[in-house]
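Engineer: Sequence:
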Amino acid sequence: MSSGELTDIQRFLSQASPFAELGDELLAMVSGNLQIIYRRRGSPIALDQRLYLVRSGAVELRNQDGTLIDQIGPGDGFGPRALVDHNGCDSAQCSEDSLLYLLADGLFEKLCELNKPFRRFFTVPHQSRIRLAVANRGDTLSLTAKVGSLLQRSPVTIDSSASIRSAAERMSEQRLSSMLVCDNGRLVGMFTDSDLRRRVVAAGLDTQQPVAAVMSPTPITVNADSFVFEAIVTMSQHNIHHIPVLDNSGQLAGLITTTDLIRAQRSQPVFLVGEVFKAQSRDKLAEIASAVPDLFARLVEADGRAGDISRLLTVVSDAITQRLLQLGEQQLGAAPVAYAWLGFGSQGREDQNISSDQDNALLLADNYCDEQHGDYFAQLTAFVCDGLDSCGYVYCPGGIMAMNSQWRMTASDWQRQFRRWINQPEPKAVMHTSIFFDLRVVAGAAELAQPLQQTILHGAAENRIFLAHLATNCLKHTPPLGFFRNLVVEGRGEHKDQLDLKHKGSIAITDLARLYALANRVSAINTSERLRDLADTGALNRKDVRNLLDANEFINTIRLQHQAQELARGQQPDNYVAPSTLSSLQRSHLKDAFHIIKRSQELIARNFLGGG
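Sequential numbering from 1 applies to the sequence shown in full-length UniProt numbering.
The set of hints was computed from the structure by calculation and includes no laboratory data. Since this is a predicted model, take the numbers as computed values, not measurements. Careful: at least some of the hints might be erroneous.
Using 27 Å as the maximum straight-line C-alpha spacing, the simulated DSS-like pairs for lysine-lysine come out as follows [as the list claims (entries may be wrong)]:
1) Lys591 - Lys428
2) Lys116 - Lys146
3) Lys496 - Lys543
4) Lys496 - Lys476
5) Lys476 - Lys598
6) Lys428 - Lys502
7) Lys284 - Lys116
Restraint ranges, calculated between C-beta atoms of paired labels, are given here [what the hints assert, rightly or not]:
8) Arg542 - Pro44: 34 to 40 Å
9) Arg420 - Arg599: 32 to 38 Å
10) Thr472 - Ala104: 33 to 39 Å
11) Asp247 - Glu494: 17 to 23 Å
12) Thr123 - Arg599: 43 to 49 Å
In this text, a Cβ means the ideal position worked out from N, Cα and C, and glycines have one as well.
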């Protein structure tokens, strides 16, 4: 071959996964050690222990009984099953006139020895390749450390009937600033050095009295699996310096203090939420919230996992919402009836990103009277929604906000509304499921929403027509894969030649998780938690769930990296990515992720719509 032909081949290889990972020296070696083969449409391809690469045209891959496995195109490699897992087949045939490269005998094995990413690409399934791509992301990021990792000792407890004196003596002996009070292994209170000073010494109380008389009953707690960041939020919100930690079964696991948290967190952004709860005005909150994009960029730059970053962003928006409600009540007076502030959509799912808008509503106690209380809640919700907008959480384009009177209802009215959506699933009602059915109490009386949550769980699971409508809606968000698993970009408009990673990728997985969760009475709202719970209940195959989790993480990683890059350029972040800006390996992993979504949607068609 001429030097020009070799240069052309090397240029092509440098743009094809996983050859792009080899480097110039190995690419030059491959270019000079391959055979160029031309085959007409319909021609079979002889398979031996060598790797083929499609330069142009298209090839059908089939298994032993002749079933079509896949159709592949330019840049795709294939070979016999004994040689490769990825695009391994028992027979191959050109479906178009094709130009193929055939690697020299033994070259594939040599490349596998010299380059681990190359070997992994061809010798593990596409699902496992995505798992490898996301496995090493951000596990040591301090902001996403779990509370349980801070526990250094077993909890020190005392019985509620023990004397104040004995509690104080044990605290002194153990050098503790607080003591957990338990009865029969159940946490009933906490006794701190502050309680000792204020409630005992200052009040001249007899120290032989039981500690139950001066303890703080039913203390605020945090789960061991919660982020350290969430513990900081909770402690800042309630102005406490000690917080008991419970395990997943509700048993006491230990105690952490503000000192533990400060020791664990070295970076300044983690204290942003603490500043939120100190803010005395909406203007001050907006000033604090202006640091959120920088926090987001730092998390992305630190290779944080996409799911963790989204959850942390939601923690911040929850805190801002809660503080706005506190400031509103300071200005307007205490609320005349109990209420729960509801977050829907991405806030409800705890997967907000830097461009998330508002989706919220107000659920009011049934003793609410519009004539007596309407003006108060109109002012409070306007105060909060206007404040959220000034903090960067822009108004919902569809008006789904608590400041809209349509979305301020009593608990009973909300239950009736959801029953109508479930029992009369017209297109608008089905559209609402993507927002309203991902519901979480952000602030206020959470118990008010429990009957509504039960109405949703039981009503949806028992209505097959409603579920069929949801399934049909799920299938509208088809992954952007065309013939030969090529990526399909937008064909026109502002985002021409770009991929819509939200509506064609992550939303498809979100919709799927919601559908199966509603069908199986799974109460989790977060997409990843829904999928894991569905695996635990047997509603979804555990392997399929693992693949969907990996696909979701990878797609959202690309989304968040893209948004961080747009912020750095001073642009408004969006969800549209040009494939040309991605590496060859990233494009390949995206195809794998979209293939997983496509297969899962085929299961939806069979399970809910009777598709074959």
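Engineer: Does Lys502 sit within 27 Å of Lys428, going by the straight-line distance between their CA atoms?
Structural biologist: Answer holds: Lys428 to Lys502 is near 21 Å, not above 27 Å.
Engineer: CA of Lys284 to CA of Lys116, is that 27 Å or under?
Structural biologist: Measuring from Cα to Cα gives roughly 52 Å; hence the hint is violated.
Engineer: With the threshold set at 27 Å, check whether the alpha-carbon distance from Lys116 to Lys146 stays at or below it.
Structural biologist: Status violated; Cα separation ~32 Å.
Engineer: Sort out whether Lys543 lies within 27 Å of Lys496, counting only the CA atoms.
Structural biologist: Given pair Lys496, Lys543 is violated - Cα atoms ~35 Å apart, limit 27 Å.
Engineer: Between Thr472 and Ala104, does the beta-carbon spacing fit 33 to 39 Å?
Structural biologist: violated (51 Å)
Engineer: Quick one, are Lys496 and Lys476 close enough, alpha carbons at most 27 Å?
Structural biologist: Roughly 20 Å between the alpha carbons, so the hint for Lys496 and Lys476 holds.
Engineer: Lys591 and Lys428: Cα distance at most 27 Å?
Structural biologist: Since the Cα atoms of Lys591 and Lys428 sit roughly 32 Å apart, the hinted pair is violated (cutoff 27 Å).
Engineer: Given the range 43 to 49 Å, decide if the beta-carbon distance of Thr123 to Arg599 lies inside it.
Structural biologist: violated (21 Å)
Engineer: Between Asp247 and Glu494, does the C-beta distance stay in 17 to 23 Å?
Structural biologist: violated (50 Å)
Engineer: Could you check the hint for me, namely that Arg542 and Pro44 are 34 to 40 Å apart, CB to CB?
Structural biologist: holds (39 Å)
Engineer: Would the hint linking Lys476 and Lys598 be met if the CA-CA limit is 27 Å?
Structural biologist: With a Cα-Cα distance of about 11 Å, the restraint between Lys476 and Lys598 holds, given a limit of 27 Å.
Engineer: Within 32 to 38 Å: is that where the Cβ-Cβ distance between Arg420 and Arg599 falls?
Structural biologist: With Cβ atoms ~34 Å apart, the hint holds.
Violation of the numbered hints given earlier is confined to hints 1, 2, 3, 7, 10, 11, 12; the remaining hints are satisfied by the structure.
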